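**Q** These protein sequences, in sequence, are chains A and B. Numbered per numbering that gives the first Met the number 0, the first sequence spans residues 0 to 262. Numbered per numbering that gives the first Met the number 0, the second sequence spans residues 0 to 447.
No lab work stands behind these hints, which were simulated from the structure alone. Errors might be hidden in some of the hints.
To be verified - A short, non-exhaustive set of chain A residues, derived as facing chain B with CB atoms under 10 angstroms:
(1) Ala25
(2) Gly164
(3) Tyr173
(4) Leu186
(5) Ser188
(6) Arg224
(7) Pro244
(8) Glu255
What the hints assert, rightly or not - Anything over 12 angstroms on all C-beta distances counts as not near chain A; from chain B, calculated:
(9) Thr33
(10) Gly36
(11) Arg52
(12) Gly147
(13) Ala201
(14) Gln205
(15) Pro255
(16) Pro268
(17) Pro346
(18) Ile352
(19) Gln361
(20) Arg369
(21) Ala394
(22) Thr415
(23) Gly416
(24) Ser428
Unchecked claim - In silico SDA-like cross-links for lysine to any residue, where the CA-CA straight-line distance does not exceed 25 angstroms:
(25) B:Lys447 - A:Tyr196
(26) B:Lys313 - B:Leu343
(27) B:Lys41 - A:Tyr196
(28) B:Lys313 - A:Ser238
(29) B:Lys313 - A:Tyr196
(30) B:Lys41 - A:Thr97
In this text, all values refer to a predicted model and were calculated from it rather than measured experimentally. Using N, Cα and C, we set each Cβ at its ideal position, and we do this for glycine too.
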Amino acid sequence: MVAVATIRTDESLKRFFYASLIFHIALAIVVAISTYFSPGGESWGAPGGSVTVGLVGSEPAIPLPEPDVVSPSRVVDESKGLYKSEPQPKPQVEPDATPIPKFEKNKPPKYISRPSKVLENPTPPPPNAVPYGGGGTPSVPVTSFAMGTTGATAAGLIVGGASGGDFASRFGAYVTAVQQRISREWLESTVDPSLMYAPRVRVTFDIMRDGSIRNIQLIQSSNNRSLDNSAIRAVQSSSPLLALPAAYSGSSVSVEFYFDFRR
Amino acid sequence: MSRIDAIFARCFIAVAIALLFAAGPMKAQDWFKTGTGLGITKARVAVPDTVARSSFTQPLPKTFHDVLWSDLDYSGILDLVSPSFYPLQAPGQPSELNAQAWAAAPAEAYMIAYGNMTLDGPNISFAGYLSDVHNPASPPAIQKIYRGAATDSDARRLAHQFADDIIAFLSGGQPGIAQTKIAYVSARSGNKEIWIMDYDGANQQQATHLKSIALTPRWSPDASRIAFTCYVPLRTVTSAQICMYSAVSNRLIAFPRFRGTNSSPAWSPDGSQLAFMSSQNGDPEIYVSDANGAKLHRITFAAGVSTSPTWNPKTGKQMVFVSDRGGSPVLYLSDSDGSNVQKLDLPDMGYVIDPSWSPNGQLLAFSWRRPSGNYDIYVMDIVSRQLIELTKDEARNERPSWAPDGRHIIFESTRTGTRQIWSMLADGSQPHQLTFEGQNESPNWSPK
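From just these sequences and the hints, can you work out the full model?
**A** This is the structure we're talking about:
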């Protein structure tokens with residue numbers, strides 16, 4: 000009984016083997032024929048279609064494609080802004096096992112959280128809002144104390160309106176000249192074009208005897224980095240200013256200069 | 000963590016306050032406070048007639064006053080009070096100044112520029128004052144004595160000096176341009192030669208006498224030399240070459256001769272290098288050499304013509320030039336070694352030539368012939384690529400060149416029918432014609 004079974008198995012295997020052999024041969028023939036007749040296979044590597052490679056004679060002979068001109072966006076402003084951007088969602092990790100809650104201790108919450116009026120402002124931020132995060136301390140005019148100018152925080156002063164000592168009243172023309180110069184060096188094109196209005200920027204600096212400008216400090220930021228930078232640049236490019244008046248005996252004068260931006 | 004920060008912050012503030020008190024009274028530093036919005040008002044200045052303290056045979060005080068008036072009027076930063084509003088008495092010195100009369104209506108001046116002129120043999124001296132009429136007690140902002148010969152040209156020179164002092168003061172230390180010069184090409188003597196004149200068109204003098212063709216003068220940054228394109232014959236072959244003229248010794252200086260056509264020189268801002276177009280190796284390309292012509296090297300490599308280089312005068316790191324590599328001549332911006340070439344795209348087609356970079360490096364003036372029309376002067380803000388058209392529908396306006404104060408532009412225009420030199424404020428206002436005789440072109444403003 001065992002023998003009969005073996006013979007039967009042999010016969011069936013042989014039949015399948017031959018069938019498979021014939022199929023493979025047929026497949027090989029089909030592949031060979033299709034390769035022979037396939038287009039493009041013939042001309043590959045033929046002399047007519049070859050690529051000639053020579054030494055580089057001069058650089059500009061290679062017709063390189065023009066590089067894409069990527070102009071850096073001047074709108075991007077990494078300074079800290081007034082509006083909080085949405086925090087990154089933390090990846091939720093499924094706990095392997097959760098303790099069975101006890102019914103006795105599961106009380107209803109005492110406090111139902113309402114949307115905060117401060118953080119979740121219903122009005123969407125304006126398009127020129129600076130995203131939250133990244134530098135920019137609250138603008139406390141610390142340096143104005145350090146300069147001994149306690150009156151510097153008084154607001155709304157006009158040309159020569161406030162001063163320590165009698166500099167502005169004695170040399171009003173000099174003050175106006177300084178104001179004219181820095182105003183002319185302040186270029187609108189250096190400010191973020193989408194900015195229409197910004198809080199006042201305050202910059203302090205010292206004018207030396209020869210008119211050079213030292214110790215430029217931003218004491219009040221507008222919360223817009225491009226505007227802050229344009230104000231500082233206006234002061235920097237005004238150096239050297241006019242030399243201090245000959246009738247003035249001091250070696251330097253401190254200036255607090257404000258910039259009001261409104262397009 | 001935030002709690003620790005808060006503790007640190009409190010400690011810091013406490014220490015700072017303690018230090019502040021410990022330091023006691025600070026040094027009594029003088030200080031003032033001022034500021035600006037975006038717009039600025041021009042200072043209102045009165046310029047009464049110059050008081051003559053002697054009897055003059057020539058009208059020198061009047062010349063002085065007229066030149067001073069036009070200098071201040073054309074500075075672009077002042078608003079001159081009309082003479083019909085002036086009080087009758089013109090002051091000659093601070094003791095004669097009735098400040099209240101000038102500060103009150105209708106004059107309503109903010110400053111007054113005045114003075115007196117005396118004749119002392121062959122010389123004149125002018126005592127000039129600039130006073131703040133709202134602070135009559137304060138000393139004059141300027142009180143200075145200017146001396147010169149009793150000639151018309153010296154009276155003009157003194158007026159220019161006084162005007163520059165006033166403008167330097169009222170602009171807060173930016174020097175005026177009343178003493179600058181213009182180099183230009185004039186054909187009035189029969190050949191195109193280099194001429195030099197004052198910035199207001201006075202004192203026109205011929206500089207070169209090559210009796211061939213001289214073109215594209217360019218002042219060196221110290222205003223001591225002028226590089227230009229000249230056609231000089233050598234063994235019966237005449238070709239365009241770079242020539243060098245000394246404005247100090249008023250003669251030509253040697254500059255090497257190169258093969259092919261060489262033209263349109265430009266100075267680097269430190270005056271140590273010269274960029275120019277040369278076809279010495281076939282294609283007209285831009286080459287850079289030292290100021291004496293040595294160490295020549297090529298910086299552009301593109302099929303087609305590359306010419307009219309101009310350096311960024313502020314940094315010296317960038318260059319703008321004209322090239323027709325893309326078809327028609329347009330401007331290309333590159334680093335000063337020729338790398339990073341990029342086309343300065345404009346919103347329209349046409350020919351764009353004659354780039355001139357403003358002294359602060361932020362604006363580029365050029366002439367542009369759009370498909371519909373004449374050549375007109377445009378100014379581009381390099382960073383934002385914003386365009387301002389300064390001339391419009393007034394014949395051909397070409398070859399702008401910036402004044403060193405960045406507030407004026409000189410150019411050539413055919414709006415009167417002949418090609419003449421004009422200047423204007425950099426916003427396109429107050430055009431002044433400076434030359435009237437013959438054909439004049441290709442002006443270049445001296446840097447000082």
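**Q** Any hints this thing doesn't respect? Which numbers, in order?
**A** 1, 6, 9, 10, 19, 25, 29 and 30
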